[in-house]
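Chains as they are written, first to last, in numbering that gives the first Met the number 0: chain A, 0 to 180; chain B, 0 to 234.
The hints are simulated quantities; they were obtained by calculation from the structure and are not laboratory data. Hints should not be assumed to be uniformly reliable.
[Stated by the list, open to error] Here are the simulated lysine-lysine pairs, BS3-like style, with alpha carbons at most 30 Å apart:
id	chain 1	residue 1	chain 2	residue 2
1	B	LYS223	A	LYS168
2	B	LYS194	B	LYS161
3	B	LYS223	B	LYS207
4	A	LYS171	B	LYS47
5	A	LYS76	A	LYS168
6	B	LYS223	A	LYS159
7	A	LYS171	B	LYS223
8	A	LYS168	A	LYS142
9	A	LYS142	A	LYS171
10	A	LYS142	B	LYS207
[As the list claims (entries may be wrong)] Chain B is nowhere near these chain A residues, computed Cβ spacing over 12 Å in every case:
id	residue
11	LYS5
12	ILE26
13	GLN32
14	LEU34
15	GLU35
16	PHE39
17	VAL80
18	ASN90
19	ARG97
20	ASN118
21	TYR138
22	LEU147
23	ALA166
24	LYS171
25	GLU175
[Claimed, not checked] So the derived list for chain A, only partly shown, Cβ under 10 Å to chain B, looks like this:
id	residue
26	CYS11
27	ALA83
28	GLY149
29	TRP158
Each residue gets a CB set at the ideal place from its N, CA and C atoms; glycine is no exception.
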Amino acid sequence: MSEQKKIRVATCSLAGCFGCHMSFLDIDERLLQLLEHIEFDRTPLTDIKHCGPCDVGIIEGGVCNSENVHVLKEFRKNCKVLVAIGACAVNGGIPAVRNNIDLWECFQEVYHYGIGLKNGQIPNDPELPLPFDQVHPIYEVVKVDYFLPGCPPPADAIWKFLTDLLAGKTPKLEYETLHYD
Amino acid sequence: MSDNTINIDGQTVPFLPGQTIMEAAMAAEVYIPHLCHNPEFTPHGSCKLCTVSVNGRSAAACTMPAAAGQQILNNTEELNANRRALVQMLFVEGNHFCPFCEKSGNCQLQALGYYLGMMDPHYNHFYPARAVDGSHPDVLLDLNRCIMCELCVRASRDVDGKNVFGLTGRGIHTHITVNSPSGRLGDTNLAVSDKAAEVCPVGAIIKKRHGFAVPIGERLYDHKTIREVQTEAHK
Ligand code: SF4
Ligand code: SF4
Ligand code: FES
Chain A
0 MSEQKKIRVA TCSLAGCFGC HMSFLDIDER LLQLLEHIEF DRTPLTDIKH CGPCDVGIIE
60 GGVCNSENVH VLKEFRKNCK VLVAIGACAV NGGIPAVRNN IDLWECFQEV YHYGIGLKNG
120 QIPNDPELPL PFDQVHPIYE VVKVDYFLPG CPPPADAIWK FLTDLLAGKT PKLEYETLHY
180 D
Chain B
0 MSDNTINIDG QTVPFLPGQT IMEAAMAAEV YIPHLCHNPE FTPHGSCKLC TVSVNGRSAA
60 ACTMPAAAGQ QILNNTEELN ANRRALVQML FVEGNHFCPF CEKSGNCQLQ ALGYYLGMMD
120 PHYNHFYPAR AVDGSHPDVL LDLNRCIMCE LCVRASRDVD GKNVFGLTGR GIHTHITVNS
180 PSGRLGDTNL AVSDKAAEVC PVGAIIKKRH GFAVPIGERL YDHKTIREVQ TEAHK
């Protein structure tokens, strides 16, 4: 790990719940250690809107709408190494449970018939990204270099994964830190 | 070398006449990954996870009879890579969302994924439309997670003597059916104490009201690999 030039890292959450990002923050004070070697580009922690040239891009969440695809492609274009983190990025996860439900029926249930709803409206502002009929993992859209499954992956798994990666090694998880749940 | 031995990855393994390679290996505590095989039932030979190389040719260890002098390769990088691909295909052919599956941690498909180092399902997902049948008071049938191993069919027919389950369709359309006029599990004589209700290696047949009785983190494969668990079980 070079002291002069820091490794530039971008992260984002697509169709995810930010749980993977929370688990990332769970590495606690090791974050300070990490920050000696990395700097952040676009992440939920910075106010950078677009991903610029980076060494590592970390994507949480699958792809559920048109904006997700644009962001994902921007990451792929700019990041030397792209990492899928969490169950949703790896196989669609919980959002993909809607894949066999008609989108219109799904919206009706969420905005009209859901418990406690009255006079609901289905949002249709042109600014809103177009939802897809199905949610898919990111590797079905762009090439992904590494996968870190888990819902979310435990902080120790994220730490091991990142430190391996920053040391230029192929990340290797211990048996007990590799989880699909 | 005595007549009744085979060689698995350089290890001499004795066998009794009539034993399959899988049975001989299990008796010698040699682990051959398997999924549709369960030593309590007649071999089915459908998942091909147990594929080994016998004298240079591929064969399913659970159905192939052991024969004197067989030179068998089992735990090789190439065979395990093939097994990983099979597990990945099983994942994308169904709808496997481990984070909310009650079988997670006790599931053999998942445990094989861990054992074989599967980091992603690799193939494009089918997301097939499959039914969930909650009509039975004590047992849930969720075909999203079914891997068509036919263990429930074998258990119900051969142990319970009830024939509650059947397999129908061909190729990608193959699926488990319930043998009742309505096709619903609630209209069969399946009892929660039946072998068929507990034999499913994945989360397709689940006993109701047992959810999270054993917490995540304390389940069968949470700290031990499927290799360790199954080798100990067959001792
Ligand atoms: S059956 Fe197994 S692999 Fe499928 S969702 Fe449940 S735990 Fe995961
Ligand atoms: S329901 Fe379970 S036991 Fe029956 S075929 Fe499917 S996976 Fe096998
Ligand atoms: S275990 Fe032999 S084919 Fe499934």
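Would you pick out the hints that fail for this structure and give their numbers low to high? Failing hints, ascending: 10, 18, 19, 21, 22, 24, 25, 26 and 29.
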